[in-house]
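Participant: Each chain is listed here by its residues.
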Amino acid sequence: MTYVSHADLGGRDLPGAIVPEPEGDTFHAPWEARALALTLAMGGTGSWNLDASRSARETLPDYARLSYYQIWLAALEAMLTERQQLLPDELAAGRMLHAPQPVKRVLQAADVPAALARGTATERPATVPARFARGERVRTRSGAVEHHTRLPGYVQGKVGTIEHLHGMHVFADAHAQGLGEQPQWLYTVVFDGVALWGESTEPGISVSVDAWESYLEPAA
Amino acid sequence: MAHDHDHDHDHSDDHSELDEMDLRVRALETVLTQKGYIDPAALDVLIDTYQTKIGPRNGARVVARAWIDPVFRDWLLKDATAAIASLGYSGRQGEHMVAVANTDSQHHMVVCTLCSCYPWPVLGLPPTWYKSAPYRSRAVKDPRGVLAEFDVQLPASTAIRVWDSTAEVRYLVIPQRPDGTEGWSEEALAELVTRDSMIGTGLARRPEAAP
Numbered sequence: 002m003t004y005v006s007h008a009d010l011g012g013r014d015l016p017g018a019i020v021p022e023p024e025g026d027t028f029h030a031p032w033e034a035r036a037l038a039l040t041l042a043m044g045g046t047g048s049w050n051l052d053a054s055r056s057a058r059e060t061l062p063d064y065a066r067l068s069y070y071q072i073w074l075a076a077l078e079a080m081l082t083e084r085q086q087l088l089p090d091e092l093a094a095g096r097m098l099h100a101p102q103p104v105k106r107v108l109q110a111a112d113v114p115a116a117l118a119r120g121t122a123t124e125r126p127a128t129v130p131a132r133f134a135r136g137e138r139v140r141t142r143s144g145a146v147e148h149h150t151r152l153p154g155y156v157q158g159k160v161g162t163i164e165h166l167h168g169m170h171v172f173a174d175a176h177a178q179g180l181g182e183q184p185q186w187l188y189t190v191v192f193d194g195v196a197l198w199g200e201s202t203e204p205g206i207s208v209s210v211d212a213w214e215s216y217l218e219p220a221a
Numbered sequence: 200m201a202h203d204h205d206h207d208h209d210h211s212d213d214h215s216e217l218d219e220m221d222l223r224v225r226a227l228e229t230v231l232t233q234k235g236y237i238d239p240a241a242l243d244v245l246i247d248t249y250q251t252k253i254g255p256r257n258g259a260r261v262v263a264r265a266w267i268d269p270v271f272r273d274w275l276l277k278d279a280t281a282a283i284a285s286l287g288y289s290g291r292q293g294e295h296m297v298a299v300a301n302t303d304s305q306h307h308m309v310v311c312t313l314c315s316c317y318p319w320p321v322l323g324l325p326p327t328w329y330k331s332a333p334y335r336s337r338a339v340k341d342p343r344g345v346l347a348e349f350d351v352q353l354p355a356s357t358a359i360r361v362w363d364s365t366a367e368v369r370y371l372v373i374p375q376r377p378d379g380t381e382g383w384s385e386e387a388l389a390e391l392v393t394r395d396s397m398i399g400t401g402l403a404r405r406p407e408a409a410p
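Protein sequences appear in the order of chains W and G.
Okay, so the first sequence: first residue is 2 according to my numbering, each after it adds one.
Okay, so the second sequence: first residue is 200 according to my numbering, each after it adds one.
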């Protein structure tokens, strides 16, 4: 096992209180705001995609003990140094020591509102028919994969029902690995709580995930 | 290490970590700016956008409109991306929106167990608890217990559906309109719509609790 995600937390009974928070508390320190903005601005250079960013974050060895924006910052530094856009001695020095690598584009202040309003849609034209129809029973893939994936562990190998077809979307697993978009049909699959957590689960609980087609097989 | 402000606070450990993070981020920003990868003015615009322009008041306006306009509500439930865009909210982390409506028999709640996926154009950036391990781990397994931590008690007859945002679809919960708000204006209704009610970890405010 070489690829380990530390971010797949669903169903793991992790300790700690859930602490409600007032609406205005967007950032808890000025550096958090700068870390967010640096991440978005560097994302705007087109040096990597969002799925690669998520992969960089979830594989940080110290993920569990870092705060949210510490994770973002560490992943940003890791992606930059991996591409030699930044060298470690420059972080220590706090100034440029080596020539820059060319980037595709730079997000200018004047372009920020339009870039945010545009976003990055992941739906693509449907080029093949969907394998599954609404109401069909499906079983999810089980077992670990050696790359970023968006099928949480707690639903792996479980039987659920196709509830909605979202069209074909950029396949996160491939996209994160730099293997192109490889769009696939995306489905909302709903699972009964008992199917996920066992007979002792109280009735009336259901959980859904959005799953790409290759995560699914027909349930016998 | 030189600091340009006093250290006469409590929690000096917290502050030294804050200072360390602050210095680390400043160093990174300096290098990236010198390398020409970023426009530092763009950082200010990004921060201002999510501090003052894009936040849960956007979503509250969407919900209030759905409460007073049945045609809009139907549109929102069928094609949330277009309906929300008609009010001016679109883009990053809201490219593919789905809205789900709470009823007496069905409550909806949203989580991202794998990271922190959240509908930015209507709710802004997620609160700390939404990104935390306790919420992400427990929401899918014990949603009633999680709701209790938010002081929300639902009747046993109310089914709970948890939406785990595992792809690029983003979910907005339409909370139930509180009783006793007949004839209220859209603006007044929007004041009853809390951020948590649009994640499904809260309910809309009662009329007597209007701010």
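Bear in mind the hints are in silico, worked out from the structure with no lab data behind them.
Bear in mind the structure is a predicted one, so any value in this text is a computation, not a measurement.
It cannot be assumed that every hint is accurate.
Computed Cβ-Cβ distance ranges for the label pairs, DEER-style [what the hints assert, rightly or not]:
1. W:G136 x G:E407: 26 to 36 Å
2. W:G47 x G:E407: 49 to 59 Å
3. G:L286 x W:E164: 21 to 31 Å
Note that beta-carbon positions come from the ideal geometry of N, C-alpha and C, so glycine has one too.
Participant: Look at each hint and say if it fits the structure.
Facilitator: Here is how each hint holds up against the structure:
1. W:G136 x G:E407: 26 to 36 Å: Because 44 Å falls outside the window, the suggested range is violated.
2. W:G47 x G:E407: 49 to 59 Å: The hinted range 49 to 59 Å holds for W:G47 and G:E407, with Cβ atoms some 51 Å apart.
3. G:L286 x W:E164: 21 to 31 Å: holds (26 Å)
Hint compliance for this structure: hint 1 alone is broken.
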